[in-house]
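**Student:** Each chain, letter by letter, is given below.
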Amino acid sequence: MLFNSIDFAIFLPIVFILYWFVTQWNLKLQNILIVVASYVFYSWWDWRFLSLIIFSTLVDYLVGLQLKAFDDLLKRKLLLWISIIVNIGFLGFFKYYNFFVANFVDAFTFFGNEIQPNTLSIILPVGISFYTFQTLSYTIDIYKRKLEPTSNFIAFAAFVSFFPQLVAGPIERATNLLPQFYKKREFNYHKAVDGLRQILWGLFKKVVIADNCAQYSSLIFDNYTEHSASTLLLGAVFFAFQIYGDFSGYSDIAIGTSRLFGFNLKQNFAFPYFSRDIAEFWRRWHISLSTWFRDYVYIPLGGSRGSKWNQARNVFIIFLVSGFWHGANWTFIVWGGLNALYFLPLLLLNRNRIYTDIVAEHTMLPNLREFFSMLATFFLSTLAWVFFRAETISKAFDYLNGIFDWSLFSIPEIRPSFLIILIVFFLVVEWSGRRQLYAIEKLWLKYPKPIRFAIYYVIVMVIFLYGGKEQEFIYFQF
Amino acid sequence: MAQFIRHLSLFSLVCGLSFLYIYSLADGRTDSFYLKFTSSKQKSLIIGSSRAAQGLQPRIMNLYFKDKSLYNFSFSRIHSPYGIAYNKAIMDKIEPDTNNGLFVVCVNPWTVSDLHNRIGKNPFQEKTSFLETTRYVNIKPNFSYLISSFEHRNIEIISNKLDARRNFVHDDGWFQVNIEESNISRQTRIDETMKSYKRLTKQYTGISDEKIYYLIKLVEYLKNKGEVYLVRLPINSQMLLIEEEYSSSFDMKIKKISDKTNVEYINFMPERDLFQYTDGHHLNVESGEKLSKELSKRIKYLQTQRNIF
Numbered sequence: 050m051l052f053n054s055i056d057f058a059i060f061l062p063i064v065f066i067l068y069w070f071v072t073q074w075n076l077k078l079q080n081i082l083i084v085v086a087s088y089v090f091y092s093w094w095d096w097r098f099l100s101l102i103i104f105s106t107l108v109d110y111l112v113g114l115q116l117k118a119f120d121d122l123l124k125r126k127l128l129l130w131i132s133i134i135v136n137i138g139f140l141g142f143f144k145y146y147n148f149f150v151a152n153f154v155d156a157f158t159f160f161g162n163e164i165q166p167n168t169l170s171i172i173l174p175v176g177i178s179f180y181t182f183q184t185l186s187y188t189i190d191i192y193k194r195k196l197e198p199t200s201n202f203i204a205f206a207a208f209v210s211f212f213p214q215l216v217a218g219p220i221e222r223a224t225n226l227l228p229q230f231y232k233k234r235e236f237n238y239h240k241a242v243d244g245l246r247q248i249l250w251g252l253f254k255k256v257v258i259a260d261n262c263a264q265y266s267s268l269i270f271d272n273y274t275e276h277s278a279s280t281l282l283l284g285a286v287f288f289a290f291q292i293y294g295d296f297s298g299y300s301d302i303a304i305g306t307s308r309l310f311g312f313n314l315k316q317n318f319a320f321p322y323f324s325r326d327i328a329e330f331w332r333r334w335h336i337s338l339s340t341w342f343r344d345y346v347y348i349p350l351g352g353s354r355g356s357k358w359n360q361a362r363n364v365f366i367i368f369l370v371s372g373f374w375h376g377a378n379w380t381f382i383v384w385g386g387l388n389a390l391y392f393l394p395l396l397l398l399n400r401n402r403i404y405t406d407i408v409a410e411h412t413m414l415p416n417l418r419e420f421f422s423m424l425a426t427f428f429l430s431t432l433a434w435v436f437f438r439a440e441t442i443s444k445a446f447d448y449l450n451g452i453f454d455w456s457l458f459s460i461p462e463i464r465p466s467f468l469i470i471l472i473v474f475f476l477v478v479e480w481s482g483r484r485q486l487y488a489i490e491k492l493w494l495k496y497p498k499p500i501r502f503a504i505y506y507v508i509v510m511v512i513f514l515y516g517g518k519e520q521e522f523i524y525f526q527f
Numbered sequence: 002m003a004q005f006i007r008h009l010s011l012f013s014l015v016c017g018l019s020f021l022y023i024y025s026l027a028d029g030r031t032d033s034f035y036l037k038f039t040s041s042k043q044k045s046l047i048i049g050s051s052r053a054a055q056g057l058q059p060r061i062m063n064l065y066f067k068d069k070s071l072y073n074f075s076f077s078r079i080h081s082p083y084g085i086a087y088n089k090a091i092m093d094k095i096e097p098d099t100n101n102g103l104f105v106v107c108v109n110p111w112t113v114s115d116l117h118n119r120i121g122k123n124p125f126q127e128k129t130s131f132l133e134t135t136r137y138v139n140i141k142p143n144f145s146y147l148i149s150s151f152e153h154r155n156i157e158i159i160s161n162k163l164d165a166r167r168n169f170v171h172d173d174g175w176f177q178v179n180i181e182e183s184n185i186s187r188q189t190r191i192d193e194t195m196k197s198y199k200r201l202t203k204q205y206t207g208i209s210d211e212k213i214y215y216l217i218k219l220v221e222y223l224k225n226k227g228e229v230y231l232v233r234l235p236i237n238s239q240m241l242l243i244e245e246e247y248s249s250s251f252d253m254k255i256k257k258i259s260d261k262t263n264v265e266y267i268n269f270m271p272e273r274d275l276f277q278y279t280d281g282h283h284l285n286v287e288s289g290e291k292l293s294k295e296l297s298k299r300i301k302y303l304q305t306q307r308n309i310f
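Chains as they are written, first to last, in the working numbering: chain Z, 50 to 527; chain L, 2 to 310.
No lab work stands behind these hints, which were simulated from the structure alone.
Fair warning: there could be bad hints in the mix.
Estimated spans, in silico, between C-beta atoms of each pair [to be verified]:
1. I140(L) - N416(Z): 35 to 43 Å
2. W493(Z) - M2(L): 22 to 30 Å
3. Y231(Z) - S160(L): 23 to 31 Å
In the DSSO-like style, the derived pairs of lysine-lysine whose C-alpha atoms are separated by at most 27 Å in a straight line are [to be verified]:
4. K444(Z) - K203(L)
5. K162(L) - K518(Z)
6. K518(Z) - K141(L)
7. K444(Z) - K196(L)
8. K212(L) - K94(L)
Every beta carbon over 12 Å from chain Z, so not counted as near; a handful from chain L, in silico [stated by the list, open to error]:
9. H8
10. Y24
11. S70
12. D98
13. S149
14. E152
15. L201
16. T202
17. K261
18. R273
For every residue, glycine included, the Cβ atom is placed at its ideal position computed from N, Cα and C.
All chains, full assembly: derive it from the sequences and hints.
**Tutor:** Written out as structure tokens, the structure reads:
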């Protein structure tokens, strides 16, 4: 069920009431309810894949316990590899089997040998890219002795399947989320209200910004050969806001929903479009995934240590793998590679950590240099998003080629004024709240309650009136 | 917790009432279909695609059939080809105890054809349209339609209501399209429509046996409810050429259905040049009025003939 659906609007209050009125007396009951609710939530998508997540949970639970039981390095490595093979194996099969078969066939055909492909009609289980990484972080952290395994199967199952973040993240670390299942959650008014506020903002981002941008970006991308350069650029910008609104909106709803149940999830987006360079962008975009790759792939490869060649190699590996994680298509790999090219000069010149603070932290507006840095970074990321959105690499290149044309200085043929106004409003609010965990976290807290409620009411009505045609969350396809 | 529930409930109540109020403003200007799901069950219906929705005016026909109260329950080529979804919606729309109704079933090749992306046992494309997903066809406001099927932003419920020039659905179901006519704009529309229908022929597989089956099933059902007439509405010669290239045997198939079900078939194609079209296949308001009168007279004549014999 989508977060912005009637089904979820009915599901959430039922679980909330059961959680705080029926099970709040007992920790085990609380966790059992989380597991049951999460499995129901997951089954709503497709009950057939419930067995996968349950199997993955069982394997990693047992691996975790065995890792504690054995000191022998070889045995521990073997256990870790069991977890990796099961999780990556599922991911690899459901997500990448057809991709590899098709490319294998293409390679043979290129050399003049025709072979019949044996592709399968494989449905991608929703959330598999997220929960496999989440459980892998558990077993890897135990292997590295950073975490004690849990013998509490219910708590572990709740950690793996926790419904707010099950299907599209944030990818939580066991060190952060699992301990929260060991203590009984007590209701906290301010935490719950804060959660609702974050849900509200997430819905605004998703329903108003992302879904409306989706309509126009699709219109432009699907007929890109017929549009001027300025329209194509606008289409790419709409997509940039679509993917940001969609994904960060989902994360906000996930984090806000978790707070309703007394849980704290990590921030997943920290206003990435206000980044002053690409390095800062990647510290602010999909933080849970980029830190996962940093900790479990980049650092074991050597990270930023060693020769410049090693550093460059590691950066490319990370970005290419990250691109590939997003989907079984060369466009995602090229997208990752392009971001690597953006990032590399900063790393090699040791300029990848010059912007670690918040832009214009102590002033209301950015200075000119900051403004142009943000604009340039946004422009670079938007160009890269073209590969993310396009169906094929050649179409992406055609699209980009279309942007670099004299008609870039013409007025776009498609220019929905209501959407542009909404995006401007959105940017103003995001800018105002850039120092917070999410834009409206503390924005109007200085006003009395009736005023604040009136503002929230206006946001709700804007969502209701201007919400775009329902689109599935983009990251569900990953 | 109590304070939280109180505040949340109050806030939700205010928001909920606001949503209900906005939805209650929905009317015939909201979109081309909504109002048809809000009128009560009917005794007599005009059924078909957008050609019938725009072309046949119940207010004209009801002057000839005072006791029938015809209602236009036609939609569009995409949403209401003959099949499970449309048949069910029609059956739900008819008053259960009807036995002397009048049913005008408009046919054209597109309403009995399948799209290429339907393979084997895949559902018909209209299975995801509002005819399938709108549970009730006769309540006002129809929340089911507005929440699940309304394809525009809710703000358009208000903005459309205030736009007097907007196309709108009358209380009798007739969809009035207001187009500022000029010869140039009409010709442009006709040219665009011809181009798009030439492309469309490649998307369809031809006359579908399954859809013909559902058409026959519908006719058989409606015969138990009253009189049924199969009608082919006129279109311009260019469009007719496209349809004949797509399916040269269409007329013959409808005649066979007419014979098989013992239902009259009224074909207006021979008189197509007597009417004006906004885009080559939708009648303008005046021609729709004229056609509605002509159809009524034909039905009256056929009724008289039946009574004589």
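**Student:** Hint by hint, note whether the structure agrees.
**Tutor:** Now for the hints, and whether the structure bears them out:
no., hint, in the structure
1, I140(L) - N416(Z): 35 to 43 Å, "violated, 59 Å"
2, W493(Z) - M2(L): 22 to 30 Å, "holds, 24 Å"
3, Y231(Z) - S160(L): 23 to 31 Å, "violated, 53 Å"
4, K444(Z) - K203(L), "holds, 24 Å"
5, K162(L) - K518(Z), "holds, 20 Å"
6, K518(Z) - K141(L), "holds, 23 Å"
7, K444(Z) - K196(L), "holds, 26 Å"
8, K212(L) - K94(L), "holds, 20 Å"
9, H8, "violated, 8 Å"
10, Y24, "violated, 10 Å"
11, S70, "holds, 35 Å"
12, D98, "holds, 34 Å"
13, S149, "violated, 8 Å"
14, E152, "violated, 6 Å"
15, L201, "holds, 17 Å"
16, T202, "holds, 21 Å"
17, K261, "holds, 40 Å"
18, R273, "holds, 34 Å"
The structure does not agree with the numbered hints 1, 3, 9, 10, 13 and 14 stated previously, though it agrees with the rest.
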